[in-house]
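There are 4 protein chains.
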Amino acid sequence: MIIILNNDITKEEVIQLINKLTDLGLEYHQSNLGGRLLMAIPNAPKDFDLRQIQMLNGVHEVYQVTEPYKLASRRWKKEPTIIDVKGVKIGGNTLNLIAGPCAVENEDQIFEVAELLNRNNIKFIRGGAYKPRTSPYAFQGLRTEGLKLLRRAADAYNLRVVTEVMDLSLLDEVYEYADVLQIGTRNMSNFYFLSELGKIDKPILLKRGMSAKIPEWLMAAEYILSGGNEKVILCERGIRTFDDSVRNTLDVAAFPIIKELSHLPIFSDPSHGAGIRNRVIPMAMASIAAGADGLMIEVHTNPEKALSDGPQSLYPQQLEEMIDKLRPIAEVVNRSFDFDKVVVE
Amino acid sequence: MIIILNNDITKEEVIQLINKLTDLGLEYHQSNLGGRLLMAIPNAPKDFDLRQIQMLNGVHEVYQVTEPYKLASRRWKKEPTIIDVKGVKIGGNTLNLIAGPCAVENEDQIFEVAELLNRNNIKFIRGGAYKPRTSPYAFQGLRTEGLKLLRRAADAYNLRVVTEVMDLSLLDEVYEYADVLQIGTRNMSNFYFLSELGKIDKPILLKRGMSAKIPEWLMAAEYILSGGNEKVILCERGIRTFDDSVRNTLDVAAFPIIKELSHLPIFSDPSHGAGIRNRVIPMAMASIAAGADGLMIEVHTNPEKALSDGPQSLYPQQLEEMIDKLRPIAEVVNRSFDFDKVVVE
Amino acid sequence: MIIILNNDITKEEVIQLINKLTDLGLEYHQSNLGGRLLMAIPNAPKDFDLRQIQMLNGVHEVYQVTEPYKLASRRWKKEPTIIDVKGVKIGGNTLNLIAGPCAVENEDQIFEVAELLNRNNIKFIRGGAYKPRTSPYAFQGLRTEGLKLLRRAADAYNLRVVTEVMDLSLLDEVYEYADVLQIGTRNMSNFYFLSELGKIDKPILLKRGMSAKIPEWLMAAEYILSGGNEKVILCERGIRTFDDSVRNTLDVAAFPIIKELSHLPIFSDPSHGAGIRNRVIPMAMASIAAGADGLMIEVHTNPEKALSDGPQSLYPQQLEEMIDKLRPIAEVVNRSFDFDKVVVE
Amino acid sequence: MIIILNNDITKEEVIQLINKLTDLGLEYHQSNLGGRLLMAIPNAPKDFDLRQIQMLNGVHEVYQVTEPYKLASRRWKKEPTIIDVKGVKIGGNTLNLIAGPCAVENEDQIFEVAELLNRNNIKFIRGGAYKPRTSPYAFQGLRTEGLKLLRRAADAYNLRVVTEVMDLSLLDEVYEYADVLQIGTRNMSNFYFLSELGKIDKPILLKRGMSAKIPEWLMAAEYILSGGNEKVILCERGIRTFDDSVRNTLDVAAFPIIKELSHLPIFSDPSHGAGIRNRVIPMAMASIAAGADGLMIEVHTNPEKALSDGPQSLYPQQLEEMIDKLRPIAEVVNRSFDFDKVVVE
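Protein chains in written order, with our numbering: chain A, 1 to 345; chain B, 1001 to 1345; chain C, 2001 to 2345; chain D, 3001 to 3345.
Extracted from the complex, chain A is given alone in its bound form (with noise of 0.2 angstroms):
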């Protein structure tokens, strides 16, 4: 931290800014650097409150020098983080895809899916057991049975299962069916929630707050880093600004960003930030090309009987051609393209 003083500050407001940092255990170091008045306090916490010494008199500005954030940051850890997921890795040089329906509706749709995912050597399914549904009158989701569903559709066709656990209640139940943790962006914030996610040992996929500034965002993975638990991926999906023209406005640029300030694993999920499956391929492909390490896609076999954000769901066609799309783009941003290989298993 760095206290800037007013040129003109009086010997009381230094006696009284001296006592509060004393208070406050706070070690200081005063200079003047060519006529301006500076204090260092190399001992601030992370956290520290800095509107406590911005108020006093003869104080011009505080600044919060060290990032707040740390185990997620790049300066800690120079090369990115690759996880592991049963063989499958996610990060580094790979590009994955992450596929399936909203919701899980019932046994067929989420079977049919599964093989259109191994079909196309997609290695992760996607699918919501708990639905956290705007209007409290809408589906719910299949809860406990969805999830089964998703396990045995996953189990058949060699998929790892990621899907949301809406609230830490059910952290237990959603932990024994899932591979990797999503954590929706309702959710980002709650840092309750982030602390008990830190105790255990699988991969957590945590979406971007709406509303969440990219350092509240690395902060957020802090939680769960700094509880023990290094395996995050990040997850873009879109925040909101003024402009209602589509759902959310997709942060491209968080892809080099992030890259710059984090060791982290990054995905894109251009399904919930272009709201309109026409859009979807295109900010997939844009995702791709500033720099993201995978997508979270939505698709359906049938999207028009979807129960749920049918409209932003792929065609089982659409799937294959936006593959075709991303390949040369991979190839530019030297991303092995993993699902694009037939491997036998």
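Label-pair distances were calculated between CB atoms; the ranges are:
1) LEU50(A) x LYS1020(B): 54 to 64 angstroms
2) HIS1029(B) x TYR2175(C): 51 to 61 angstroms
3) ILE1082(B) x ARG3074(D): 50 to 60 angstroms
4) LYS3199(D) x ILE2015(C): 50 to 60 angstroms
5) ASP2324(C) x GLY1228(B): 42 to 52 angstroms
6) MET3055(D) x ASP1008(B): 33 to 43 angstroms
Residues from chain D shown here face chain A by an in silico Cβ test under 10 angstroms; the list is partial:
7) ILE3214
8) ASP3244
9) LYS3259
10) ALA3274
11) ALA3289
12) ARG3327
13) VAL3332
14) VAL3333
Worth flagging that the hints you see were computed from the coordinates, not collected in a lab.
Cβ coordinates follow ideal geometry from the N, Cα and C atoms, glycine included.
Given the coordinates of chain A, assemble chains B, C and D onto it according to the supplied hints.
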């Protein structure tokens, strides 16, 4: 729901649209009103995903008529909801203050504050026991011990307890000690959690999500109301905008707008909106002038020593000054200032 | 400017940094304050592009100390600026009202409004002659004819004219007829235009850009002040946020914040912020309670027939009702309500 | 326009509504569609102020059907607009680059850049002569001298000139030297200025306002188109959001959305969106992948010495690297990369 058709819609497109509507079990009524082709769909469910129709060829636009919430609306209940909390009324023509420190820190602190409130005829004490801090390295609250202290201080000074439930797993515990359960801005969209709050019988103070539109906020209230708990108090606490000059932008217009749209009482939390002590009083005055039913204010007998949010906490004498300034404003807006009269209890 | 160096900065990186600073003609002072390597750059220009240093290896962060504006700051001028407009004072302890229709429509309309204002002891009339409408197909104003009508009506009822200059090419013409020149939200960042306004001798009412941060707004004022025109009146009119429940979100916190940062008077335009007549009065009350120096209000003797913005224009009796409600609030904030006293002129 | 009536509307309310409509000269057609009372108003003007009807008793909601812009819409003109600039086509299946420094600084600089562009087969040079800086104390451009230098450099290397018109008063001068007139983000809503641009015969590159919604942007284009100038090129340059991690949030989804809604070509300006050199290339790639028709890029032969925006300017070798990376992406989106072929002219 109303569907506006393209004027050049083809016969095939009409057939496809009608098939879709029939598939979805939707009744339709078509008309040509002055050259404009319309369909009205009287039985579309409140949460119908408009995009399903919007993307069909020949459809110009789809418009959802009914507001998504019902129980929370002024249309449903014309007279204002008044909530009785152990003999004190919230809403209607009464103004109330909820005051106290950001966090319960120790016995002396909370008893001092309780005495201060009682001396000023304030009926509600607030204080955090579990603290959802943005950094995992910050003070996280006294937890159960904090709840017990808050209850004891409240009982000693005839106060009602308002405190936050940070996670569903803490609901039972907080329920035991609190009179009003506060739901924080980060949980406003946790629909799973909200559903559970519909099943209890204590009032809920529902803070606005920092990026929630007003209808989304009322929809969150609807989740609680539709579960059977009619005691919802809204609380505006500032929204997130592009302007970082303040911590949050207190949306003062929310007070007259909520009064138009809903029968629920609405409070203001100018402490979080303003972020700095000196701005709290003007924002409190503005809130009451614009129609708020009460204030939630951070006050501390020793803000310099506060473990959290000290800079936005009022000094005791500022609390009194604020009450003096609010009195004539309350009169202009026809509110009786309950905490202003000395009541023998 | 302060440069915070990485603790592991190499000798080569330091040399590169120093070379860069020398190239830029910047003097530097280095220090190790308690283990934190810093450089202070006392002579960095106010508009220095920090990114030039930020991107060098070995540099942790760069921090610009001085606020970018100077003449507009409270630090520069401690006492509030009071602007005299033909004998009426704006700023200080006086509250003023500027009222009138959105657009000048015809002689009868503007004379009726002028008479209404005079009857209520209001000293400023507003009215648009050139109307910047979002649609090219809408009413664009009476132009020169409108300015003449406005001036005649003002002169007949001893009012001062406030009207917008939409474009630099119209400055001479508007200057001839107006007493206060209004710069609209869409021109707040037209720096070329602002520079020209610094050269004239009439007061400028500078509306906040709909997405301008407060320092940017003060910087726009600085453009005018630095040209030599010290008569700047700020006017908050609502910012653009994600919430489309209102036309704009009136940023009521701007009033106390501007009072902290600047000596310039600040008005509120609740008509544009609220968008609907019934919300104007509460927002006007809130603005004054929070510290505004005056209001700019749309009023029309026949809002139903208004050619633009009728729905947000007050009825004549609402104007009187508003004044009655503002009186006790003005007293709380120690403002004398100038237009409230019958003055013989 | 469609009016949805309350189901319990009274006879008096209906009469009042009909009187209002008649007063306004609006034809109406009433119907009861499946229990829903509706009125269609076929002849409501495009810019009708809905609030006039919305606020009447008995009216539930009012809905404006037709999009406010027409000439800019895909509905009006199905095939993409292709603009010929001295023999080079913009739009359709061609990708174009506009490149050059932020500001024209001196003869050597601009001729060096021009030579660089020509060597890379780029056909358009950009450069600012008048610089709209946020600070009145910053470099304001070479003005007329800059325009002349730009023209001479362009002519020497067979380039077309793109430069900004900062104010209507400068239009004649810029018109003389430029081939494409750029309208900056701060002028997008200067409707008075836009109207004048409709009267000239050179292409307009219309940057998006930093807080403009997409329909507002198209409406600004409509102003120009409706004046008779059909050569409008849109340019996305980043919007303002709550996230200050980047200078602006480049709205990549704008590319597919504009392609749906309009026939106008759309460019991307990743330099302003990204703000830092290293993020420019990924954002350029993302823009093309998402459907942009071209890029506007800041490049400088010596960015360290640039008088403005040096940090976001590419080095010459980065320009070449970017072109190499764009080539395979252009192929995926079926664009011919015009500047890639050596053309003898």
